[in-house]
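Please build the complete structure, drawing on both the sequences and the hints.
The sequence shown runs contiguously to residue 278 in this note's numbering.
Rather than coming from a laboratory, the hints here were simulated on the basis of the structure. All of these numbers come straight from a predicted model, not from anything done at the bench. For glycine and all other residues, C-beta sits at the position ideal for the given N, C-alpha and C. Any given hint might turn out to be false.
Subject to a maximum C-alpha distance of 25 Å in a straight line, what follows is the list of computed PhoX-like cross-link-like pairs (lysine-lysine) [unchecked claim]:
(1) Lys122 with Lys230
(2) Lys230 with Lys157
(3) Lys68 with Lys122
(4) Lys68 with Lys78
(5) Lys63 with Lys157
(6) Lys157 with Lys122
(7) Lys63 with Lys122
(8) Lys63 with Lys78
With beta-carbon atoms standing in for the labels, derived distance ranges [claimed, not checked]:
(9) Tyr104 with Ala138: 37 to 47 Å
(10) Phe149 with Lys63: 21 to 31 Å
(11) Thr276 with Met110: 31 to 41 Å
(12) Arg253 with Met110: 33 to 43 Å
(13) Asp58 with Glu127: 48 to 58 Å
(14) Ile270 with Ala107: 30 to 40 Å
(15) Lys225 with Asp58: 40 to 50 Å
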Amino acid sequence: MKNYLLPFLFLFLIACEKEDDTIPTNDDLVSDIPAKECLAVEEYLLSDLDSSKEVYQKYFYDADRLVKVTYPLAQSVGSSAAVDSTLFFYDSNYNPAYSMNASAGVLDTVEKYQYDEEERLVEVAFYANGNPYAWERIFYEGLTPSKIIYESNPFIYEYEVRIENGSITELIQLSRNGNPVDSNYLRQRMAYDNQTNPRQKLHTGSYNRLQHFNKNNLTKYRLLRNGVVDQTQSIDYSYEYDRLGNPIRSIRIFSGDSSITYTSYTCQ
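Written out as structure tokens, the structure reads:
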């Protein structure tokens, strides 16, 4: 089961085509380039052996709507348990209606999305083998998420959502199985850069949906238990950007280990 309650542990970054071999930094960004809609094409690593591209995620679209994501590395492993693709289907209002994950080409799990009359996402239901096993309900103040309740028998977790400048800065657990908990019992805190998150409107599964809500790109994640930072869950990110301000290369530091990821995308 995906752990949506820790969505930011699965940050994926978008990269853009470069005009030359130099990767600009924040200081090189220009302001006179017209705004463009950028869509992810591939997410990849570079091999330690020969610097060859190792694609682990590919995106497919119908116009600007995401309709399929494939996971080539999972396919190459050939494990029947590995999800090798996700398909997305839309309602008449062009909102994602449901998505299906497939393992070795066989339908595995389904997520169904429900919206209110204002087209705000209010519920996600998770199915396996045709049977629901978990629900996620989102509550709003205006258009802004303010509370999330996650239920998976026999567990129910309630979280307060705090947002600043268009990005989620804190998730605070309010209760477990209907019992209130101290506000410092479990908190997730996030910090961001000042560049636009190009994945803000991209749906790629519930486990990182909140990540896609954020206006900017995550630079710091901290999990606090009873007011103490859990160092085993601390993550830091740094970026290099293209001339449109999109992050094109990310360094992720987690538990003392670092990794570098890239993503190519097309801009319209």
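query = Against which earlier hints does the structure fall short, listed by number upward?
reply = 1, 5, 7, 9, 10, 11, 15
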